[in-house]
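**Q** Go by the hints and put chain X onto chain V.
There are 2 protein chains.
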Amino acid sequence: MYRSHTCGELRDSHVNEEVTLSGWVHKTRDKGFVVWIDLRDRYGITQLVFDGERSDADMLEKARSLSREYVIQVKGKVIERASKNPNMPTGNVEILVTELQVLNEALLPPFTIEDQTDGGDDLRMKYRYLDIRRNPVKNNLIFRSQVTMEVRKYLAGQGFIEVETPYLIKSTPEGARDFVVPSRMNEGQFYALPQSPQTFKQLLMVGGLDKYFQIVKCFRDEDLRADRQPEFTQIDCEMAFAEQEDVLQAFEGLIKHLLKNIHQVETGPFPRLTYDEALRRYGSDKPDIRFGMEFGELNKIAQHKDFKVFNSAELVVGIAVPGAASYSRKEIDALIDWVRRPQVGAKGMVYVKCNEDGSFKSSVDKFYTAEDLEQWAAATGAKAGDLICVLSGEVNATRSQLSALRMEMAERLGLRKPDVFAPLWVLDFPLLELDEETGRYHAMHHPFTSPKPGQLELLDTAPGEVRANAYDLVLNGNEIGGGSIRIHDKETQATMFKHLGFTPEEARAQFGFLMDAFQYGAPPHGGIAFGLDRLVAILGGQETIRDFIAFPKNNSGRDVMIDAPASIDEAQLKELNLKLDL
Amino acid sequence: MYRSHTCGELRDSHVNEEVTLSGWVHKTRDKGFVVWIDLRDRYGITQLVFDGERSDADMLEKARSLSREYVIQVKGKVIERASKNPNMPTGNVEILVTELQVLNEALLPPFTIEDQTDGGDDLRMKYRYLDIRRNPVKNNLIFRSQVTMEVRKYLAGQGFIEVETPYLIKSTPEGARDFVVPSRMNEGQFYALPQSPQTFKQLLMVGGLDKYFQIVKCFRDEDLRADRQPEFTQIDCEMAFAEQEDVLQAFEGLIKHLLKNIHQVETGPFPRLTYDEALRRYGSDKPDIRFGMEFGELNKIAQHKDFKVFNSAELVVGIAVPGAASYSRKEIDALIDWVRRPQVGAKGMVYVKCNEDGSFKSSVDKFYTAEDLEQWAAATGAKAGDLICVLSGEVNATRSQLSALRMEMAERLGLRKPDVFAPLWVLDFPLLELDEETGRYHAMHHPFTSPKPGQLELLDTAPGEVRANAYDLVLNGNEIGGGSIRIHDKETQATMFKHLGFTPEEARAQFGFLMDAFQYGAPPHGGIAFGLDRLVAILGGQETIRDFIAFPKNNSGRDVMIDAPASIDEAQLKELNLKLDL
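Protein sequences, first through last, are from chains V and X.
Position in the first sequence (from 1) plus 160 gives the number in our numbering.
Position in the second sequence (from 1) plus 160 gives the number in our numbering.
In short, the hints are calculated from the structure, not lab data.
Warning: the hint list may mix true and false statements.
All copies of an identical chain are treated as equivalent in the list; a pair is satisfied when it fits inside any one copy or across any two copies.
Distance condition first, Cα-Cα at most 25 Å in a straight line; then the derived DSS-like pairs of lysine-lysine [unchecked claim]: (1) Lys313 <-> Lys416; (2) Lys377 <-> Lys465; (3) Lys468 <-> Lys521; (4) Lys416 <-> Lys446; (5) Lys377 <-> Lys416; (6) Lys377 <-> Lys313; (7) Lys298 <-> Lys377; (8) Lys222 <-> Lys650; (9) Lys416 <-> Lys244; (10) Lys650 <-> Lys286; (11) Lys235 <-> Lys222; (12) Lys543 <-> Lys460; (13) Lys420 <-> Lys313; (14) Lys526 <-> Lys490; (15) Lys187 <-> Lys650; (16) Lys490 <-> Lys521; (17) Lys187 <-> Lys298; (18) Lys521 <-> Lys460; (19) Lys460 <-> Lys734.
Note that the structure is predicted; figures quoted are calculated from it, not measured.
Extracted from the complex, chain V is given alone in its bound form (with noise of 0.2 Å):
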């Protein structure tokens, strides 16, 4: 027996108790007669002590022989310390070791195991098995499971079934960015490894599973952004005789669990916002609404003066940022740079001091008066000390760069609060979107999403106008999932494909056993599918995914711990009937 209690787990009750304790030696602290070592484990720290009085002169020099990081066992008797510690959970009491075994050695790590000191990520990533010998990242694991765990109980609950779909399925020419796998056994030919469950979870509603779920890993060969990864996990869900109503109810249901399981948060009904209104009032179709700052639409009341960027514009619209009238011109300068920056793109932005007086000071003094201010200050709701800052041009443009704005300033104002969650449903999406570059439209869900009632016919004529029963579940103005109510017959999905490019030939060699499935009696449905790599890192209070990932992969899609990818061996290959075409 390895232990009979944790590192985490002693307290004043055991004292007089004698333990067995194993784990990595924290920090060593020599005063000559007395050695304290911290003993490290998974649930936390142990003083153990050896002094010259009490302990065996050879333990204590083996004592004083142990590096950080070494691997320790000891046995001992818990004793009162002298001088507690209130900080820790077994500040109280310390073990006085009468046996000591080094269970393995160990180099010096290449950065000292603590909660702020990581040694940069570089190291980190290449010794990751050390990295997540850190509280921070050993921490968000732990946080994952117990969120996974959250998630399953409360489905399974719903009476959702877990079903595993398969991996190795097909490439599909039109979803690009498969990562692919050569089958040995069926010469020249492959697998593709799935970027989502999609067409089988809907294959599940063909077959009578009326309530599906999956915590599964889903592939995508892209050029990787910043905080995405090759290889991520989503909660994947689907009902059959479900309505749009239905699956906003059943996930709506999921996310107030996990906040009141997990941050013993209880959650009103989740506000609803469409698409269009979403990017009206913020300019962006996944809000932040912990905090307010909504878009002031300036167009009817700044427009028609004399000044020229205003009525030539598109949209005019401002927002109110609490407190910041008191901005220096040296600081509204920066501002105005921050906004023509190249990632932000505005022209220039006028602003309005709302002073505590009263008055106002802007930038187009010269071309509004005071009234008109006001009407500005009482469209974008500032209040006396507010900053407005309006942007103007072309709508989607100017409503990206606002939106930008407004999160800038809120991460600034320290708006954006970790501890806060405010999630809302964004709905009725566009269906199709313009591809800027071919001129085509594409599907902005996927090709499976249905258009609303009714709106089908507006594909030939304004596509882009055709809105979708597609939604999306928003946090803390992070996308957290999306979903939508699918085409269940064949006439419609071929409609769609056809609408999407695909002559039928394609549409057949491709979603063929899809579209033969719908002539079996396909029930309708819907779904959504959750980002769980995101999900967990916003319920855990922070932005970035990749501590949350036990060995996640860098921007170029590799994992520098194992050195992968790698090359194989030529025999391999042969094996494969491949040939390297460098």
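**A** This is chain X only, laid out in the frame that chain V set:
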């Protein structure tokens, strides 16, 4: 709202309620003046009734036009049935339909959706989404979901953390049979799909997460024997600061939890056999101990008489088949033919009938006296009425032949009861296994398994004798889990690699990261992995795994439903810097 209740829900207590149901038309009975429809969903079947008196004429006509597997929605009133069906949970009631809507039409399915008619394997696999509508398959999938939930509940309750390890890992040439995945971003390089998360779970132990589990897909590109799948699911587990006894206790607890919570079966401590003992007593390292028929070794009592076959044999061993003394000459001849089939491979079989009157009749009466045969009966535990079957020859082959016969007889005698569960541990496996073809030893479990204390030295002199800290959990004659205490120091691991024929360079290239990790304070650790597909099948009282997998592949590794694997187009190959070489 598509339904107020499911089709398995309505009882007497619902009589007179107005309800809405949705589902599939399971069966229609048209008696002219009255039409009954069985409406089916995941939860059961509810009878709908339409008649000339109470139903609208148009609706009656519409009801008549419905074919099997149409998806419909009905509204109506729950009424008491005139003739109740006690075999159906909903058999006391029916729905007098007032509204009927066809949600989707259906072609006539290629096989009937009934428990017994399945259309044969090929059709079932091609139309798996229809096959899943059948109770036997549907119930298996639901059962699997329940079992995995119980696995997670138990392990989470024991403090195990579920950690997801990567799917895109490094290809190891030694690990042959890796599926590889070409990387687009890393030209000419490949990931591999994991055959198991073995090294990652060991790294998690180095990382201090001392109780890990994961229910995870694993991949092996091997020629498929019947009932193997290229992708399969494991319950993968590892513990640090754990001795073999700790691992056995933890996972004996898991199986007990499953038997109790799934089948309400309480189990005492699991029997434990060493590998050697299992072979000696049952001729198998995964004995089915639901029944007796233990091996009786007869060398001492049957050799050195005049029967040359036995005298020249390394092993003479028999079993007593209960009640089979009544076999006719013809039946016994058939049994002898059975053991001589190439799949079993015995040269012949000696038998002894233990007659009810206490006399014996054997095929070797001229060599052995009744007193001799009485000794045989004692050694095999044969009672009056039993048939002793004796095989002889080389030890391993003979044991395996007699084991096959033992299983066959148990099958014929109905002793392999699917609702009886007899788990046991098999311990002390050999560390190495001789590959007869190459004459090389390879790891019986895997190269990370630790030898028994003090046996490392034997590796040079008698490698086949070295026993490992390795164990299997066996249930009803199937290995459902296997594991070991691992090597946790770099030197022992290097010695193992050397003995397995790795050069230091090969070992470094493939497992360098693990050996590096072992230098930074690796704790003692060990674990186990269960084959979930098989575990679920056996708990479900079945022998084949295929119907516990939603979308299995056939023996050529093909998914015939989606027709994968398949060719990919030239452009995609080019992006991956690959050429076919057929």
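**Q** How do Lys490 and Lys521 come out at 25 Å by Cα distance, when the copy is not named: within, between, both, or neither?
**A** within (15 Å within a copy, 111 Å between copies)
**Q** For Lys416 and Lys244, with the copy left unspecified, which applies at a CA distance of at most 25 Å: within, between, both, or neither?
**A** neither (41 Å within a copy, 43 Å between copies)
**Q** For Lys377 vs Lys416, is the C-alpha pair at or below 25 Å within one copy, between two copies, both, or neither?
**A** For Lys377 and Lys416, only the intra-copy Cα distance (24 Å) is at most 25 Å; the inter-copy one is 30 Å.
**Q** Can you tell me if Lys521 and Lys460 fall within 25 Å by alpha carbon in one copy, between copies, both or neither?
**A** within (21 Å within a copy, 111 Å between copies)
**Q** For the identical chains here, do Lys420 and Lys313 meet the 25 Å Cα criterion within one copy, between copies, both, or neither?
**A** Close inside one copy (13 Å) and across copies (19 Å); limit 25 Å.
**Q** Could you figure out if Lys650 and Lys286 sit no more than 25 Å apart (CA to CA) within one copy, between two copies, both or neither?
**A** between (50 Å within a copy, 18 Å between copies)
**Q** 25 Å Cα cut-off: does Lys468 pair with Lys521 within a copy, between copies, both or neither?
**A** within (20 Å within a copy, 116 Å between copies)
**Q** Check Lys526 against Lys490 for me: Cα-Cα at most 25 Å, and say if that holds within a copy, between copies, both or neither.
**A** Within one copy, since 21 Å is at most 25 Å while 115 Å is not.
**Q** Is it within, between, both, or neither for Lys416 and Lys446, if the alpha carbons may be no more than 25 Å apart?
**A** within (19 Å within a copy, 47 Å between copies)
**Q** With identical chains treated as interchangeable, where does the CA-CA distance between Lys235 and Lys222 reach 25 Å or less: within a copy, between copies, both, or neither?
**A** within (14 Å within a copy, 81 Å between copies)
**Q** Could you figure out if Lys543 and Lys460 sit no more than 25 Å apart (CA to CA) within one copy, between two copies, both or neither?
**A** within (21 Å within a copy, 103 Å between copies)
**Q** Measure nothing new, just compare the shortest in-copy and cross-copy C-alpha distances for Lys460 and Lys734 to 25 Å and report within, between, both or neither.
**A** Neither, since 70 Å and 55 Å both go past 25 Å.
Hints 2, 9, 19 from the earlier list are contradicted by this structure; the remaining hints agree with it.
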